[in-house]
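S.K.: Chain by chain, the residues run as shown.
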Amino acid sequence: MADIMTWTGWLLALLQTTLFVACAPLLAIWIKRNKCFWQNRRAPRYVQPYRDLIKLFRKQVVLAENASPLFRMAPYIVFAATIVAAATVPLVATELPTTAIADMLVLIGFLALARFFLALAGMDIGTAFGGMGASREVSLASLAEPALLMVVFTIAMSVQSTNLSNAMTHLLESGLVLRPSLLFALLGLLLVAVAETGRVPVDNPATHLELTMLHEAMILEYSGRHLALMEWAAQLKLMIFGVLIANIFFPWGIATEFTAAALATGLAAVAVKLALLGAILAIAETALAKMRLFQVPQFLNLAFLLALLGALTHIILEAGT
Amino acid sequence: MALNLAFAAVMASLLSAAVSLGAHRRIAVLRALAFPLLGLAGATAAVAGLITLSSGAVFTDTLPIGLPWLHWQVRLDPLSALFLIIIGIVTFAVALFGPGYLREYEHGDHPLVQLGVFTGLFITGMLLVVLADDAFMFMIAWEVMSLSSYFLVVFHHEQAANRRAGFLYLLMAHVGGLMILLGYGVLATFGDGFAFASMRVAELSPLWASVAFALGFIGFGMKAGLVPLHAWLPEAHPVAPSHISALMSGVMLKVAVYGFIRMSLDLIGDVHWGWGVTALLVGSVSALLGVLYALQQNDLKRLLAYSSIENIGVIFIGLGLAMVFMGSGHPKLGVMALVAALFHAFNHALFKSLLFLGAGAVIQRSHEQNLERMGGLLTRLPYTGVFFLVGVISISSLPPFNGFASEWLIFQAALQAGTLDNGVLRILIPFTAAMLALTGALVVVCFVKAYGIAFLGQPRSRRVRHARQVTWGMRSAQGLLAVACLLAGVLPTTVVNLILQIPTQLLGTGLPSVTAHGWLWLTPVSPEVASYSAPLVLLGLLLAWFLAWQLLHPRGPRSIRRGDPWDCGFGPLSSRMQYTGTAFAQPLRRIFAPVWKVEERIERQTEADGLRVIRLSHQQQIIDHSWAALYEPIGRWVMLVARRVTRLQQGNIRIYLAYSFFTLLLLLWLIS
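Keeping their order, the protein sequence lines are chains R and U. To convert, note that position 245 of the first sequence is 245 in this note's numbering; the numbers rise steadily by one, no gaps. To convert, note that position 175 of the second sequence is 175 in this note's numbering; the numbers rise steadily by one, no gaps.
I should point out that these hints are in silico values taken from the structure, not numbers from a laboratory. Among these hints, one or two may not hold up.
Where chain U lies over chain R, by a calculated footprint (3+ residues, C-beta under 8 Å) [said to hold, decoys possible]:
{"no.": "1", "segment": "100-112"}
{"no.": "2", "segment": "255-268"}
{"no.": "3", "segment": "294-308"}
Pair by pair, the computed Cβ-Cβ distance ranges are [claimed, not checked]:
{"no.": "4", "chain 1": "R", "residue 1": "ALA261", "chain 2": "U", "residue 2": "SER55", "range": "54 to 64 Å"}
{"no.": "5", "chain 1": "U", "residue 1": "LEU616", "chain 2": "R", "residue 2": "PHE294", "range": "17 to 27 Å"}
{"no.": "6", "chain 1": "U", "residue 1": "GLN605", "chain 2": "R", "residue 2": "ARG292", "range": "24 to 34 Å"}
{"no.": "7", "chain 1": "R", "residue 1": "THR18", "chain 2": "U", "residue 2": "GLY418", "range": "32 to 42 Å"}
No residue lacks a Cβ here, since even glycine has one placed at the ideal position from N, Cα and C.
Let the hints inform the model, and build the full structure from the sequences given.
M.R.: So this is what it looks like as structure tokens:
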């Protein structure tokens, strides 16, 4: 651990986090443009999400009369927790010092912290929407989180580490061995990612219809820069899950040393992987319809079972080899 | 030195009990003498514990009281020391909180003598339990603790429900006490004496060791509130005054955990992995059911009481893992799980006391115990609101607070299951870890509900709308515990280093790697496997927050405008439009439907044409399945047996004489 505690390491970690935060809206618009393509709609331009964010940051905040200080602090906490979560995920290079600060379990903790304040903020004004959104969000998350942890367990047991960068390096070194446990874990993680980031078929990020919304219901009362932070945090969360799927299960190309060539390769590789993943998500969202709220638990149970199956396969088939 | 401090703590709490005898409806006595003495007791106990724990030494002594052939033997070792610290910190906070809180009873007709005397005795009892070094003294202290807390539970004895809760508590405390006594009996038989020292060296056959373990597990588990022996807990904790609830839930349950660890790991010694599996399974079930029941409660203190069952479950999961690893020849991993469990016990004492004190502040100021009538308390009781939020974040195990650090350690221990040889265990442990994960996620739901409904939104009743700040003493008690929660969360390495003295002394095995990379990093197995740096996590969060604030916060006179919330164009928003706690928990009530026995009644009164609804009332009751499955059958059985036995009672003196005659004959035959 001592060898990574260098100034270059910290600097790279900072740069990588900045890149992560800056590119999150780009991934969102890439998915949206793909969706537009499949749905024969005219797509917004690539700069649109950035324009939206800038517009929101410039706008005056309209705050409900009875909003408590927690309501005003929540966007900053949610945003900060999501940034710190992003900082711990290797995007371009592994072996960065930030991955030693927090492992996969802590990463889940950060996301839970963000969700906790998001839900509390939803309940703060005292409208029915906010309470409804918060209730649905935490209820579904309480089923998604064990599935996510089970995925983490499966990965951690096969690489014998909960450290993300060690996990990636380990999988990179062991080469592409077809491991059933990792396949199950991947499937589980895909389902969890869809639920956690509020995509179709669990939630629809583009809707404001009260019967269907989860995430939007909680942030309905936000405006101006607060709304911008909440939206940005949501895009960042989508990106985190994208990078997790891309870099854990398909770790090729990620830089393991700090040379310019390796970092450039890493950047290109992760861009290509995320683009592919986004395209697949867009197709899936076009093909699927949103499911009823009370079918989502079955969906998440499936995710949990897949992850559990992954862990059991690892224990039965792969342990000791 | 440390032992003398511990004795001083015991004396101070005894003195506090004695002083309270003069407090008949005179709160001044309690405020000026009894509570300061309790505070002194708490502080000295904590210091005594800290000295012992940091030095890792063992102090013993014999007191010239007790039976002529068995004087009370006292021992202060690192394990006792940790629990002394737990008792000390919470007692100190309670002593700060108490005087302000009791204002409510100043003009009531409750004699405060009872409260003062039994609070002092209760704390004395708990201190003596962790200091005891023979079964005799242990049982006496245990009974003092149980009996005095019974009188505290029935403080509001004019209500029938409280008397019922008190009776149930007394009954179960004594069934549990009997089990513990029998467990010590088994150990004393093999160890030739009641002293713990002779029990430690006893050679038990595996069968008798398991019998002693089972008795201890049931006895201490009953006190700690493991499912299905938990029935008294959600009844008794909420009815006591809130600072007593904090002591009972935050501390007394930990004393039971102490007893369990002392008996199973120290006195019995040779751990069998099967015991660990038992603890693991019962712990998992307790954790999951505890939180599921907590989730559906609308009484704030009842919710907290059920959540204690959940946390005790988590502690027993840690202890179970420790026993599994120790029993299958991996002492290092066992030590890691034991440290995680002890750390969680410490953390639970801090945040659960904090939450109960917060609930006490809310109840004193609003006279409401039902969540559905609260709301908007954050702006009315800002200090309590912030401290309660700290407690809620800690109990929901979110980084960087203390609950997260200990659960992270438990997960890390569970992840090492791959090193075990037994295939069943390798599958079972990840599965219990998944149960723990589910529990953790449900705790978040439970406490988002509790905090969101009680402290956020709009007030739902007039009394809550007019709630005012509590006294400085009450605020500082909560602040103290909140700061302790943050410190234990941000500096887990320091706490873990202290706790590591316990296995080093108890089992002779330490854990060198846990803080091998300095105080900044927690690396339980090795830095390659897992590392967590809580101080840097906090720093990162603050940095990200600061940057977002600095860069994105525009400076201008008109950056914020206040306006009405969005009400769908339906007229002004009222507090009756808010989501209620019942509604909040509804999705999970539906998803986990078989877990509860829900009695729901909806009454709808319409006008004659049947179109317009005049009145609509909804009543819902959540009943614990364990009542129907376990307690009611036992109750029926006891009644049945009692009815049979009454046939002996004829009311005829000649038949009674015959009974005596035959009994004498039988005894003579037995002797000869």
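S.K.: Hint by hint, say whether it matches the structure.
M.R.: Each hint tested on the structure:
no.	hint	result
1	100-112	holds (count 9)
2	255-268	violated (count 0)
3	294-308	holds (count 4)
4	ALA261(R) x SER55(U): 54 to 64 Å	holds, 56 Å
5	LEU616(U) x PHE294(R): 17 to 27 Å	holds, 23 Å
6	GLN605(U) x ARG292(R): 24 to 34 Å	holds, 32 Å
7	THR18(R) x GLY418(U): 32 to 42 Å	holds, 37 Å
Of the numbered hints given earlier, the model fails hint 2 alone.
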